[in-house]
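All chains should be modelled from the sequences, with the hints used to inform the complete structure.
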Amino acid sequence: MFKFMLLGCIWIAFYLKLPAQEVSEVRNKTSSAIRAGFNGSLIYPGFRGGLEYPCKRIELTRYRGKKAPKTRVKDRYLTVEAGYYHHPTFHDNLYLLFGYLLRRNKSRGTYWEFAPAFGYSRTFLGGETYRVDHQTGVVSRVRRPGYHYAILSLGGGPGKAFNPRLSIYSRLSALVMAPSNNIVYVRPTLELGLILKPRHFLINEPRIVSRIKGKQK
Amino acid sequence: MMRKYTFWLMLLIAISACYREEITFSANANDTFFVEHNGASMRVQVRGNTMSKSFLIILHGGPGAGSYKYMTRKMESLVHPETAVVYFDQRNAGGSQGNNNVNYADLEQYALDLQDVIAVLKSRYGQDISLFLLSKSFGGMVACQYMTRPGRADEAIKGWIYANATHDYPLNDSLSHALMLRIGREYISAGINTSKWLDIVTYCESVTPPFSFEQSLKLNFLARSAQTIVQDVEPLQGNPLWENLFSEHIPLTNYYLGRTNSLARSFNKSLHRAGFRAELANVTLPVLVCASQYDFLCPSGLADDFYARVSSADKKYLMFEHSTHNFEEQEAYYSAFVAFVQEHR
Chain U
0 MFKFMLLGCI
10 WIAFYLKLPA
20 QEVSEVRNKT
30 SSAIRAGFNG
40 SLIYPGFRGG
50 LEYPCKRIEL
60 TRYRGKKAPK
70 TRVKDRYLTV
80 EAGYYHHPTF
90 HDNLYLLFGY
100 LLRRNKSRGT
110 YWEFAPAFGY
120 SRTFLGGETY
130 RVDHQTGVVS
140 RVRRPGYHYA
150 ILSLGGGPGK
160 AFNPRLSIYS
170 RLSALVMAPS
180 NNIVYVRPTL
190 ELGLILKPRH
200 FLINEPRIVS
210 RIKGKQK
Chain G
0 MMRKYTFWLM
10 LLIAISACYR
20 EEITFSANAN
30 DTFFVEHNGA
40 SMRVQVRGNT
50 MSKSFLIILH
60 GGPGAGSYKY
70 MTRKMESLVH
80 PETAVVYFDQ
90 RNAGGSQGNN
100 NVNYADLEQY
110 ALDLQDVIAV
120 LKSRYGQDIS
130 LFLLSKSFGG
140 MVACQYMTRP
150 GRADEAIKGW
160 IYANATHDYP
170 LNDSLSHALM
180 LRIGREYISA
190 GINTSKWLDI
200 VTYCESVTPP
210 FSFEQSLKLN
220 FLARSAQTIV
230 QDVEPLQGNP
240 LWENLFSEHI
250 PLTNYYLGRT
260 NSLARSFNKS
270 LHRAGFRAEL
280 ANVTLPVLVC
290 ASQYDFLCPS
300 GLADDFYARV
310 SSADKKYLMF
320 EHSTHNFEEQ
330 EAYYSAFVAF
340 VQEHR
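Residue numbers (numbering that gives the first Met the number 0), protein chains in the order written: chain U, 0 to 216; chain G, 0 to 344.
Possibly wrong hints are sitting among the right ones.
Claimed, not checked - If we take Cβ atoms under 10 Å as the criterion, some of the chain G residues that face chain U in the derived model are:
no.: 1; residue: 39
no.: 2; residue: 94
no.: 3; residue: 96
no.: 4; residue: 97
no.: 5; residue: 100
no.: 6; residue: 224
no.: 7; residue: 227
no.: 8; residue: 229
no.: 9; residue: 306
Since the hints were made in silico from the structure, they are not lab data.
We put the CB at the ideal spot given by N, CA and C, even for glycine.
This is how it looks when you write it as structure tokens:
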């Protein structure tokens, strides 16, 4: 457990060193964000972190008769994440994910997000592994035993932004690895973490799409 | 800067992924290792008294179930102190892992996997160890495939426990069918669980041997139902899946992977006509045959046939009157296993 806390601390400490001034709003331009979280599966600890690169913003304005129009903002990000978990006597898994994050902003800084992603996974078996040479009968130890899998992550959950630079999030995901024992291996994970948006970090100008529903009276 | 941190992060992860070889000789060993063979890494957990130099290898059922469910508290208290128990998860079952190994889904591959596990056990714990096979259900087919092929005899194998197992699928289906009809009719005439037994008996009356694969699956399904409604059976004590859920790290994964074995159907279909009745004459080592009165999945008739056909001079037959397929009379079963191991190691 200490090992994973240490890993998390190194990761977070590195990024907290980034300048802490307020972001001066550049018109339509926005920084990418860094996401880092504890990613556990039942009692098995893990870590997941990566980048969110803004690519699209949807501003949805809805006119509701004589009432004031209601505007909803949805953000879309391209994401790249690395993850790891440790399941004793079964395997350790190191994985890299590329995804598309859909975030719907709600009132008071809260938001919901859905984050499908796919990528590559490499497991390391949770024990010494042996192979038998059938010609000689010699038993030898296998170095770095484990398997390569295609991995799909489907998950989502709520989050809350405290300010434009910092927010917390939680996410319930299913990691689906294939081909595992000729079929897929599904592993549920629960993730809790922080999203930091440093100043001038991989700035992009996301495409803004405005949509209007209803009629203005 | 970023590269530096990334390097250290990757290094830490790589170090955590390396394992030292841990071979424990104690009265309460708990070693886990894997045996890699033809696309699968089979999980093997050795528990119990490794100093005894005797190892009881569990060949679990399925195909696709795991070995973990055998690690009950009774097994821990009665068997582990006397002998080491090898909880071997066959390929695509329990805690075993791998990619696509569908090309290796045949009984001979399962036997070769067992051969590798035996080689690794001898390599780890010494060439002088005594090995015993405990085959249950489908594990009986694996054991037969291993034990009846010429040139496979391993002098380290000192005995074979055939407990609620099968060695011939067509015979198994016929015996299940006959047992469900006989017991079902008795219960119906006694007015006990009539509607449930009627479903079973009605289906059994509608089919006759030889059974098609679909009929065989249906009979297997009904046999599982019959086990839950039959009376005069000792209740099954303890469920290791829940008792050791957090302490052992593997039970839930083991159970889940056992339930999702994609090969079960196609592999079972290939085994539909498989049997070893003729080859059992090649078996000469000591055997202990255990059968249950109410085992609808592998009826006691199979044990009778096995007992009659093996050529072993040293063979023993035990009937358990208050059990189904699941070793409900744990104390009696495990005491018999221990006595057999102690006598022949």
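Here is what the structure says about each hint:
no.: 1; hint: 39; result: holds (8 Å)
no.: 2; hint: 94; result: holds (6 Å)
no.: 3; hint: 96; result: holds (6 Å)
no.: 4; hint: 97; result: holds (6 Å)
no.: 5; hint: 100; result: holds (7 Å)
no.: 6; hint: 224; result: violated (26 Å)
no.: 7; hint: 227; result: violated (28 Å)
no.: 8; hint: 229; result: violated (33 Å)
no.: 9; hint: 306; result: violated (33 Å)
When each numbered hint is compared with the structure, violations occur for hints 6, 7, 8, 9.
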